[in-house]
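**Q** Sequence:
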Amino acid sequence: MISQKVAQQSLRRLAVQQPYAMRWSMMNAASPAAIAIGRNVQTRQAATSANTEDPTKILARQRLNRPVSPHLTIYQPQITWFGSGFNRITGVALSGTLYLYATAYLASPLLGWHLESASMVAAFAALPVAAKILLKGTLAFPFTYHCMNGLRHLGWDLCLGITNQQVIKTGWAVVGLSTISAIALALL
Numbered sequence: 000m001i002s003q004k005v006a007q008q009s010l011r012r013l014a015v016q017q018p019y020a021m022r023w024s025m026m027n028a029a030s031p032a033a034i035a036i037g038r039n040v041q042t043r044q045a046a047t048s049a050n051t052e053d054p055t056k057i058l059a060r061q062r063l064n065r066p067v068s069p070h071l072t073i074y075q076p077q078i079t080w081f082g083s084g085f086n087r088i089t090g091v092a093l094s095g096t097l098y099l100y101a102t103a104y105l106a107s108p109l110l111g112w113h114l115e116s117a118s119m120v121a122a123f124a125a126l127p128v129a130a131k132i133l134l135k136g137t138l139a140f141p142f143t144y145h146c147m148n149g150l151r152h153l154g155w156d157l158c159l160g161i162t163n164q165q166v167i168k169t170g171w172a173v174v175g176l177s178t179i180s181a182i183a184l185a186l187l
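Heads up: the sequence shown begins at 0 in numbering that gives the first Met the number 0, then just goes up one per residue.
Don't read these hints as lab results, they were simulated from the structure.
Each hint should be verified, as a subset may be incorrect.
[What the hints assert, rightly or not] Pairs of lysine to any residue residues, derived as SDA-like cross-links and limited to a Cα-Cα distance of at most 25 Å, are as follows:
| id | residue 1 | residue 2 |
| --- | --- | --- |
| 1 | K135 | L114 |
| 2 | K131 | V91 |
| 3 | K135 | M119 |
| 4 | K168 | L114 |
| 5 | K131 | V120 |
| 6 | K168 | F142 |
[As the list claims (entries may be wrong)] Using C-beta positions, here's what the derived DEER-type ranges look like:
| id | residue 1 | residue 2 | range |
| --- | --- | --- | --- |
| 7 | G95 | R60 | 41 to 47 Å |
| 8 | V67 | E115 | 54 to 60 Å |
| 9 | L109 | S68 | 49 to 55 Å |
By construction, the Cβ of each residue, glycine as well, lies at the ideal position given by its N, Cα and C atoms.
Make the full structure from the sequences, and use the hints.
**A** As structure tokens, this is what we get:
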């Protein structure tokens, strides 16, 4: 540690001096011991002011003078924004639904609920056809959208389809394919 400090200080001192003065500096240089213990080290005085005002108030006043960065409301909405946001929303909704159902399934024997497969099939079979299609579509669309957009992101990881036009086209393709496949799953 001391040897590193000595070497750094020596190199700094030599770097700022003129070449013709190098011989003079070598003859009149401080000893390594003086440098190691902190003597003969370049220092500068700290800038001080007679300002006694609270620094947090100064900072608050400076923030008022800073320009405000553009907000999302001034930009034209794009498919990439909606796609990214909806991908996150569907991921949270799908995982949240899974965790909620899994927790209820594990707690059902203790609470006296009947969430086993046979009772769930019987309850679903008792629903009208329109309710079945609506329920299956409600579950199928987030699943298919998240899967299709996941494939799109895997393509991006392989550097496929990353130009602006391709991103827009694949964004709308994901919306279309996920809608068609969700309708197909709902009608099964």
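**Q** Hints first: check each against the structure and report whether it holds.
**A** For each hint, the structure was consulted:
Distance restraint check for K135 and L114: the Cα-Cα separation of roughly 18 Å lies within the 25 Å cut-off, and the hinted pair is therefore satisfied. A hinted pair counts as satisfied when its Cα atoms are at most 25 Å apart, and K131 with V91 qualifies at roughly 23 Å. The hinted pair formed by K135 and M119 meets the criterion: a straight-line CA distance of about 14 Å does not exceed 25 Å. For the hint linking K168 to L114, the alpha-carbon distance of about 42 Å lies beyond 25 Å, and the restraint is violated.
Our distance criterion of 25 Å between C-alpha atoms is met by K131 and V120, whose separation comes to about 12 Å. As the CA atoms of K168 and F142 are separated by approximately 21 Å, the hinted pair is consistent with the 25 Å bound. Here the CB-CB span from G95 to R60 is close to 44 Å, well matched to the stated 41 to 47 Å. Checking the proposed 54 to 60 Å range against V67 and E115 shows it holds: the Cβ atoms sit about 57 Å from each other.
Remark: the range hint 49 to 55 Å for L109 to S68 is upheld by a beta-carbon distance near 52 Å.
Figure legend: structure checked against the earlier numbered hints; the only hint not met is number 4.
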